Amino acid sequence: MAETVLPKLEVTPQNPLVVGAGASLIEISNLSLFYGKSRALKDVSLKIRERVVTAFIGPSGCGKSTLLRCLNRMNDLIDGVRIEGSAKIGGHDIYAPDVDVIELRKRVGMVFQKSNPFPKSIYDNVAYGLKLQGVTSKGELDTAVEQSLIGAALWDEVKDRLQSSALGLSGGQQQRLCIARAIAVKPEIILMDEPASALDPIATSRVEDLILELRKDFTIVIVTHNMQQATRISDETAFFYMGELIESGPTQKIFTMPKQKRTEDYVTGRFG
Amino acid sequence: MPQQQHQGKLTSGWMGIHRGHKARPLEWLAEKFIFLVSLSTILMVFLIFVFVAREALPIFLGKENSALIKPVIPPADIDKLKSEELRAYLNLTEKQFQKMDRETKVDLMLVKQEAQSEIPERLLNDPDAKLNTTEWGAMLKPRQWASYNKPEYIWQPIGQIHKYNIIPLFVGSLKITIIGLLFAVPLAVGAAIYISQLARPRVREVVKPVIEMLSGIPSVVVGFFALLIMATVMQKVFGYETRLNAFVAGVALSFSVIPLVFSIAEDALTSVPRSYTQGALALGASRWQTAWQIVLPAATPGVFAAVVLGFGRAIGETMIVLMVCSASVMSWSIFDSARSITTTIAAEMAEAVAGGHHYRILFMLGAILFAVTFVSNMLGELVIHRLKHKMEGKR
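From first to last, the protein sequence lines are chains B and E.
If you use our numbering, the first sequence corresponds to residues 1 to 272, in order.
If you use our numbering, the second sequence corresponds to residues 273 to 667, in order.
Everything labelled a hint here was simulated from the structure, so no lab data went into it.
Here the structure is a predicted model, which is why all the values come from computation and not from measurement.
Not one of these hints is a red herring.
Below, a list of computed lysine-lysine pairs in the DSS-like style, where the Cα atoms sit at most 27 Å apart: (1) Lys335/E / Lys371/E; (2) Lys216/B / Lys88/B; (3) Lys662/E / Lys138/B; (4) Lys114/B / Lys662/E; (5) Lys342/E / Lys367/E; (6) Lys131/B / Lys660/E; (7) Lys662/E / Lys159/B; (8) Lys342/E / Lys352/E; (9) Lys47/B / Lys253/B; (10) Lys384/E / Lys367/E; (11) Lys662/E / Lys131/B; (12) Lys114/B / Lys660/E; (13) Lys402/E / Lys413/E; (14) Lys335/E / Lys354/E; (15) Lys42/B / Lys88/B; (16) Lys259/B / Lys42/B; (17) Lys159/B / Lys660/E; (18) Lys216/B / Lys253/B.
Sequences are here, hints too, so could you generate the full structure?
Here it is as structure tokens:
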């Protein structure tokens with residue numbers, strides 16, 4: 001069984017934002033997920049705290065992306081997926097029968113590994129989520145689009161061509177546009193599935209800066225393959241292996257003095 | 273140590289003498305063969321058009337004369353004519369004219385004279401009988417024929433006076449095609465959206481092949497079904513007067529258009545990247561909103577291509593329309609009968625005299641039809657290109 005209780009956070013100069021960070025927002029308990037007969041997640045229990053960047057790390061196929069997708073029920077789209085256990089956001093079980101998946105996804109935004117702007121204008125990409133929520137006033141949309149693009153550090157680059165196609169942007173700009181699109185609807189949580197893995201180092205560092213900026217307002221859960229990235233941007237880290245949560249805790253601790261041998265082997269690069 | 277001499281083959285150039293097609297002759301051959309095959313299809317299309325247009329050329333150039341009453345040259349005057357004039361008078365080709373001896377030509381002139389003398393009395397003073405109905409004016413403008421009380425568009429190719437007004441045929445084709453498309457496109461695109469975006473896999477596995485199987489039904493069978501069953505049922509439902517009309521034909525036509533539009537639109541919708549769908553769903557869009565607001569706009573070029581091809585199919589479909597309705601009445605009402613261009617060609621070509629004006633007019637209709645489909649496909653292609661560029665953010 002994996003360690004289920006999150007250790008008490010230590011306040012360190014490296015983790016200033018942990019100070020004052022809220023109580024746990026997401027509580028996952030004994031969550032198992034099956035693709036048909038194979039079990040992709042085994043009894044995962046984890047608490048994720050408000051306004052903190054939590055990184056999921058682990059080798060490929062360890063279930064970290066699967067767990068991420070449980071949090072906005074994107075796994076529902078795959079046939080033959082079965083889930084046991086519970087995942088609560090703000091005390092509500094998101095797998096309860098009365099949960100409206102669409103409402104849930106409005107509150108839990110997501111940024112994908114491969115940037116996926118819609119083949120529409122930059123403006124429409126950002127405004128789409130708001131339009132879904134019934135916002136029609138032009139002024140309101142304009143403000144929200146501008147705010148979101150500023151928030152995603154993209155405004156200066158695109159303000160003169162809001163009406164041109166989003167597919168004309170570079171890869172890094174597209175990914176920041178996707179982040180702008182996600183934050184435009186003001187979700188509580190943003191899930192990021194390896195958001196920088198398809199980007200060059202410069203674009204990556206811009207996205208990382210952005211994530212550090214965003215954690216003031218949002219709870220961020222990020223899956224990453226890049227260990228340095230996890231140390232740079234996350235406050236807390238959870239290490240997964242073969243569908244199990246091996247260890248979780250403050251990032252500093254996981255990377256410098258992990259309790260488990262397997263964690264140590266992974267973070268020091270001995271396997272993975 | 274003695275220097276070892278390289279004992280390989282003699283080579284020249286950077287990587288040896290065998291380069292280009294000499295290195296891989298089979299691949300080279302296969303490539304050239306495929307190129308030739310694809311070239312030959314272009315050539316075929318071109319040749320078909322050239323053939324059709326050549327047969328229709330005298331009409332386009334206004335060289336045919338279909339007037340019933342023509343000036344007569346008595347056979348005795350044969351020597352007064354130049355050979356070129358005589359040939360034109362007898363309506364012969366150069367070769368035919370060369371082969372004939374003088375006597376045959378005199379006989380032919382006699383036949384002409386007799387034919388003119390057999391024209392009934394009542395037609396002799398009829399201005400219609402002197403009219404060349406293959407002129408553009410007669411083919412396109414309405415005319416008040418004898419015993420009609422107002423100018424009308426009339427296609428009556430058989431009879432003593434050949435009435436070749438092609439407007440009713442164009443109106444007929446247009447009527448039937450538009451009705452067919454109005455029926456087929458929403459149904460086919462709707463079905464494509466459902467199958468590609470909303471349906472469960474098991475439903476998709478059943479419905480998709482069934483719709484595509486529709487295209488395997490011979491159009492003559494569809495026509496038969498429409499003629500015997502649909503026409504009666506629809507008359508009962510809608511209560512119109514003419515049982516066989518453009519409306520029934522259009523609906524029956526949509527049976528052959530639906531599978532085509534469906535399968536191309538479905539392909540286009542399915543090939544929209546899953547990442548768009550996922551992005552929209554993750555923003556809190558419902559499946560329906562995703563399909564309608566994200567996937568359909570992203571697939572517009574493909575769906576539009578499906579519609580263009582559907583138009584080509586609809587305007588070119590012959591058998592269904594031929595069986596369901598083919599009276600060439602000039603009417604914009606969809607509940608009147610109509611005869612399309614294709615139907616006209618199919619029904620009348622067998623009885624038209626080869627080389628005659630009726631025959632040539634049918635070829636002209638074919639050439640126009642060819643041009644219309646060609647131009648509509650070109651325009652469609654242009655629009656698709658524009659749409660794609662706009663979407664990809666290029667200018």
